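K.L.:
Protein sequences appear in the order of chains P and V. Just remember that this note's numbering sits 288 ahead of the position in the first sequence, which is counted from 1. Just remember that this note's numbering sits 288 ahead of the position in the second sequence, which is counted from 1.
It is possible that some hints are incorrect.
Chain copies aren't distinguished; within one or between two, either way the pair holds.
Quick list of in silico lysine-lysine cross-link-like pairs, DSSO-like style, CA-CA up to 27 Å [as the list claims (entries may be wrong)]:
1. K415 - K603
2. K383 - K309
3. K415 - K529
4. K415 - K383
5. K342 - K415
It should be emphasised that the hints constitute simulated quantities derived from the structure, not laboratory data. Given the structure is predicted, the values throughout are model-derived calculations rather than measurements.
There are 2 protein chains.
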Amino acid sequence: MIIDCHGHYTTAPPQHDAWRKAQLAAFNDRTTLPAVPTMSDDEIRETIEANQLKLQRERGADLTIFSPRASAMAPHQGDEAVSQAWSRGNNDLIKRVVDLYPQNFVGVCQLPQSPGAPIANSIAELKRCVEELGFVGCNLNPDPSGGHFDSPPLYDRFWHPFFEAMVELDVPAMIHVSGSCNPAFHATGAYYINADTTAFMQFIEGDLFKDFPDLRLIIPHGGGAVPYHWGRYRGLADMLKRPLLSEHVMRNVYFDTCVYHQPGIDLLFEVIDVKNILFGSEMVGAVRGIDPQTGFYFDDTKRYIDALDISAQAKRDVFEMNARRVYPRLDAILKARGL
Amino acid sequence: MIIDCHGHYTTAPPQHDAWRKAQLAAFNDRTTLPAVPTMSDDEIRETIEANQLKLQRERGADLTIFSPRASAMAPHQGDEAVSQAWSRGNNDLIKRVVDLYPQNFVGVCQLPQSPGAPIANSIAELKRCVEELGFVGCNLNPDPSGGHFDSPPLYDRFWHPFFEAMVELDVPAMIHVSGSCNPAFHATGAYYINADTTAFMQFIEGDLFKDFPDLRLIIPHGGGAVPYHWGRYRGLADMLKRPLLSEHVMRNVYFDTCVYHQPGIDLLFEVIDVKNILFGSEMVGAVRGIDPQTGFYFDDTKRYIDALDISAQAKRDVFEMNARRVYPRLDAILKARGL
């Protein structure tokens, strides 16, 4: 079984985006927020079958851990009430996709974060999504400001109430920022990668996993810059008198395979233990074109892994077993189906 | 000849740091800024011979392109007048090192940037350092705020006056941030790498090198996350309908080899043309320890390049000829010596 741990609903029907626009307009005009728009199952099917499902079939993935469009989470737009309504609407839409294609998708939720708001305010939506909607994890935004990086580091006690809830629910989080409102940062070309790199370094600096030994966090986009600079991070841990990364960070942190060329994937597998790598494609996502050097889609990351000279067991771990370990609620769903 | 393009004077005599402290204290107290402290040639010699010169000899480098300590440039501390005095003092100190060891060091200057100040205000110090002190380049800080990334992107016209001066003087800049005042960013573990990645993406987004075809910029730390995500950047250039990176960016941009493990260096040379790579070590710098996996210093980057299976000509280019091409004033100095 091939589980893609990183897929976004980037192709929702147009009334979903129109609703967001109306919502932000209402916020600016201080009028009542608009109600969630109606959309038929067929409208949703159309957007999924022409995109995510088509690509799953073409590329040979079986199941995608599916979440709302990351760049549109945009907690820096509107206020906390707007973010609550938008998150709820987004998560409910993911739930509809999962209900239409339960074999192909499992849900991961967006959180109603808002700059300056306590992270505890996101716990209720996490619980609703996990306990009522059957979701298996969440996307946690380390910088709800949209590019100012003014939240406390992830090891700060600020985040503890949420991590406690995650551990209690036994769900992991993917650390994932949203769109950038900072002109210095292109969202998918700089902001995402910077946030990934930053999170990892924060894990080195702090003692988060001493406080939460059962917490599991996925750093997307192949771990940002980290595998390429693995020597730097090992060296910095040493200079900062932190334990070895294998003990201090890598019992709790996982990287996905959203790295869009063979040499990058080769490096990832050379320096990072297979147990810490989850197959992911980020599709339909950041980079949608065909690589002229290979003739295949940049984000068809399964091809790069297929090409690796690693054992069949290692491939099975990356494609399936690691995800089932990191997302135990997904494992339970699959086991209930006899898988 | 082995030219290290990236070395900082991180080991200056203690009165230099004491001067900085007094300077910032005077700024806070609104009193007169203190005068540059006296230090003897012997005091300078001692700090260089025990550190940079010792390591040059041990590791087999001949000449270091040498600049003030990057993390201490800190243009976000004090105001522009403080930054002017501090930059001038730092650059004059580099000049003293170069005069003491002209065979071993050539100068690159810090700029008196200050958050919000026009970059044109840094031109005079650049000219002084190049024309009067014989420096061959500069370190340009894309984020003088120290971690807020609130300056215009590097393709913005904001930066044009400075790039015009660089082209006129025929000197390159290394794009290098300083210390971080943002608790989210560890300086050498997150901020540096993020700034590198961000700069590269800005070059993709803009048309800087159409405006300045002769501009040469070095992105340090192996180009941040860029080589690891080379497929993403090729794909984003395509999605954004930019020209091929080889034409759009890589005629003007160079990466150094400050990547502290063999697999990272292997990747760098696999995806980036040799003509765009300059040998650099960042020593004595970010990571000072010995890699327990190899028994050698993490930042002894020459070893990684020596181990590459590339031609002797490629090695000569990376160790010497590329630096002479990117820093023509260095080339002129060496030619005048018959080298």
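K.L.:
As a check of your reading, is K383 near K309 (CA-CA no more than 27 Å) within one copy, between copies, both or neither?
P.N.:
Intra 22 Å, inter 58 Å, cutoff 27 Å: intra-copy only.
K.L.:
With identical chains, the pair K415 and K529 could be close in the same copy or across copies; at 27 Å between alpha carbons, which is it: within, between, both, or neither?
P.N.:
neither (37 Å within a copy, 42 Å between copies)
K.L.:
I want to check one pair: K415 and K603. Are their C-alpha atoms no more than 27 Å apart within a copy, between two copies, both, or neither?
P.N.:
neither (33 Å within a copy, 57 Å between copies)
K.L.:
Under a CA distance limit of 27 Å, which applies to K415 and K383: within one copy, between copies, both, or neither?
P.N.:
This pair counts as within: shortest intra-copy Cα distance 14 Å, inter-copy 62 Å.
K.L.:
Under a CA distance limit of 27 Å, which applies to K342 and K415: within one copy, between copies, both, or neither?
P.N.:
Neither, since 31 Å and 59 Å both go past 27 Å.
Comparing the model with each numbered hint stated earlier shows that hints 1, 3, 5 do not hold.
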